[in-house]
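> If you want the building blocks of each chain, they are given just below.
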Amino acid sequence: MAAEEKKGPRLFVVESSPHVSGELTTPRVMLDVLIALAPATVAALLLFRDLTVVLLVSSVAGAMAAEALGNRMMNREQSLRDLSAVVTGVILAFCLPPEFPFYFAFLGGAVSTGIGKMVFGGLGCNVFNPAMVGRTFLTACFGTMMTTWTEPGTMQRIGIEAVTQATPLGLAKEILEAGGDPAKIQELAALTPDLFLGNIGGSLGETSAVAILLGGVWMLLRRTITWHIPAGVLVGALAFAVPAWLISPGSVPNPLIHLLGGAMLFGAFIIATDPVTCPLAAKGRFIFGLGVGLLTMLIRIVGGYPEGFMYAILLMNAISPFLDRWTRVRPLGLEARSDA
Amino acid sequence: MVSAKPIPEALEGRRFTFRGGVHPPEHKGIAEEKAIERVPLPPEIILPVAMHAGAPAKPIVEKKAAVERGQLVAEAGGFVSAPVHAPVSGTVTDVAPRPHQSGRMVTALLIKTDAEKTAEIIRREEAQTISADLDIGPFAPEQIVERVKNAGVVGLGGAAFPTFIKLTRNERKPTDIVLLNGSECEPYLTADYRVMLEQPAAVIAGLRLAMKATGASRGAIAIEDNKPDAAARLRETLRAANVPEGIEVCELRTKYPQGGERSLIPAVTGRAVPVGGFPPDIGVAILNVGTAAAVAAAVAYERPLIERVLTVTGPGIANPGNLLVPVGTPLSFLIEQRGGASEAVTKVVLGGPMMGPTAANLNLPVMKGMSGVTLLERAQTKAHRVLPCIRCGRCVDICPSGLMPALLARLGQRRRAEEAAGAHVLACVECGSCSYVCPSQIPLVQHIRTGKLLARQAQQKR
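Here the protein sequences line up with chains A and B, keeping their order. Following the numbering used here, the numbering of the first sequence begins with 1 at its first residue and continues without gaps. Following the numbering used here, the numbering of the second sequence begins with 1 at its first residue and continues without gaps.
Fair warning: there could be bad hints in the mix.
What the hints assert, rightly or not - Only some residues are given here: those of chain B computed to face chain A with a beta carbon under 7 Å:
1. V275
2. P353
3. M354
4. T381
5. L387
6. P388
7. H424
8. L426
9. A427
10. S440
11. P443
Hints were generated in silico from the structure; no laboratory data involved. The model shown is predicted, which means the values in this text are computed figures rather than measured ones. Ideal placement from N, C-alpha and C gives every residue a C-beta, glycine not left out.
So here's chain A without its partners, still in its complex pose:
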């Protein structure tokens, strides 16, 4: 007792409740995205071999370097451990043609986090999806390289003339611009099984629908994402693709090609679900997804590009704050407010 008096009363931490917190951390959320990307990585390794490693490493390195530099310039604590730069780098790599030069992939990664995120203030502050910012930059600067597709399984290395293959969406665009060609449309429809497995020309990680869906299921199970955005994207895309196909089946491929081709699935599950740049509330997220799906199809069918997912995402990112405003959830009991 006497000893205690000398020490004074024992003191404890005073803090605002709650005093316990869940297991989930932001780095773990990012890790779950990376785990979700694992099947697509395996598919890419099978389809494009060492090109996959080269692109992944250079893009991630670029993303991490720019993030580290940004923190340095702003005198901030390093944030690489939150894994968000790695996620950005991987997503960007997966959206690049397999034979894209590694130094430009590095540059693209650096633009993604540097311009796409750090300039806005780092994690959580950016308006646009960083990987899509990087990809837009690369598309603007190296347009030809960004649309040169490698046939899967070929082992051409950078510098050697690539064996190129039209992507299903590129083919679709050609048919559309030629005013329709029922025979070619048939040919395109026959590609459906390849689209499932990914045995077609396309971006590094986007070609295998099966691999992407596996990742999507993982994220849904882990509740890394909710169903609202993927469902919104697919519903939005179908809402455009189905009527277009019904109206002119001779010039527009069947909706399945549009869902499985290009970045649609990868985008719906992996890109559009970036939490930072989509609305907060579930309803807003669904509308956001709808917009992405509709805009993508608008660009693909009416616009000038074979693929429009990147632009659709960026456009919807831009209106995401407004969606937040429109879709504010209503407090429980607001309708029942008494007059008293």
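With the hints as your guide, set chain B onto chain A.
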């Protein structure tokens, strides 16, 4: 008056739940098997005059006065207030400001215990039993309210709102149903569980008195489905007592914060409590199960609220338990009685870990609304690195009040009172679910509290 939806005909046999919520680890095993026991009388009692929501009570005894257990020592200080009674017989040694749970100094009566005299009165009280089929005929509604008021009964679930107000009839807002809240959704706490298990008759008698006072034709005891034996015990007691129909025991899915009245009432009745309103607005009176037992004692024997059951629990206590403790017992004495706090204890939480405030040291007394003392160690309270909000929306998805915690917290942090008020910051019940799920470990509730404070200040200015 709102046009109220009809309450479902039969509440038994259904599993009610609410939208949102979280599943923190329960940790109820630490104390749930421990039967309620009385702790030895503390040598000194610290009795604050503010142990309830509303105006503090006014002391009516002076220094050196001799008091008896149960004697009125401070009278209600307004309409929304409650009197305070001496929990022990003894001598008032001082009436002076003392540290209070709120963080401020609050006037308290210090009473030196006369153990012998107190024990004698306790023996007498223990002989007074309450049965579930208590004859409530002789008690008029007004008399029930009066006795509850005079006994200083307040909500034992935490908010400590004066119970008599909830029991008072209001012709403009008739009460359809009296709900007893036996959810006890806070992790660690088991006091309500033990009360239901060990004092089911008093709980039921209290419910019947509350129904009579309010004029409600229906009554229900709502219990989370992690306590099936408590529900079974109450059903058994009801059956055996053969009390009038209209009382049901219903089960709720175990999910935090099921025990919050704004989660419980809509779950069971289908009626949402209006934002800015209260349960009576929708024809509901809701009491904690322990409060119901206190109501029974207050009406049947005019026994004031001078002791309560609380859980002393957590990994940091040597001998956890559910204890019957005189109000005003210093925490230091209480913890000492249970083997003391371990060296690793970093936080003393008054109540459960989701909503309980913390005590800087153990010089605070047990209060009427204190449902537990949870001693958490370093392992449970490790400091987390706060990361930026990634707008994942988890807090929005789980908010039981249908709010956007991430947005409210940002507004609170930036001291934007008007906008926070516009986003209904005052509808937040501070249940802590948002902070619990936040992967970036942002203290959302803390920022929202700031927002609420500023919003209230802004309203008052206007």
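> Should the hint that B:P443 touches chain A count as held when the rule is a Cβ pair under 7 Å?
Where the cut-off is 7 Å and the nearest Cβ of chain A is about 6 Å from B:P443, the hint holds.
> Could you check if B:V275 really has its C-beta closer than 7 Å to a C-beta on chain A?
holds (5 Å)
> Does the nearest C-beta of chain A fall within a distance shorter than 7 Å of the C-beta of B:L387?
Since the shortest Cβ distance to chain A is 5 Å, the answer is holds.
> Please verify that hint: B:M354, Cβ, nearest Cβ of chain A, below 7 Å or not.
With a closest approach of 5 Å, the B:M354 hint holds.
> Could you check if B:A427 really has its C-beta closer than 7 Å to a C-beta on chain A?
holds (4 Å)
> Measuring from the C-beta of B:P388 to each C-beta in chain A, is the shortest one below 7 Å?
holds (4 Å)
> Does the nearest C-beta of chain A fall within a distance shorter than 7 Å of the C-beta of B:L426?
violated (10 Å)
> Against chain A, run the beta carbon of B:S440 and see if the smallest gap drops under 7 Å.
holds (5 Å)
> Close enough to count: is the Cβ of B:T381 nearer than 7 Å to one in chain A?
holds (6 Å)
> Given B:H424 was flagged as interface, is its beta-carbon under 7 Å from a beta-carbon of chain A?
For B:H424, the interface hint holds, since the closest Cβ of chain A sits about 5 Å away, which is under 7 Å.
> Restraint: B:P353 near chain A, CB-CB cut 7 Å. Satisfied or not?
This hint holds: B:P353 lies near chain A, its Cβ roughly 4 Å from the closest one there, short of 7 Å.
Checked against the numbered hints above, the structure breaks only hint 8 and satisfies the rest.
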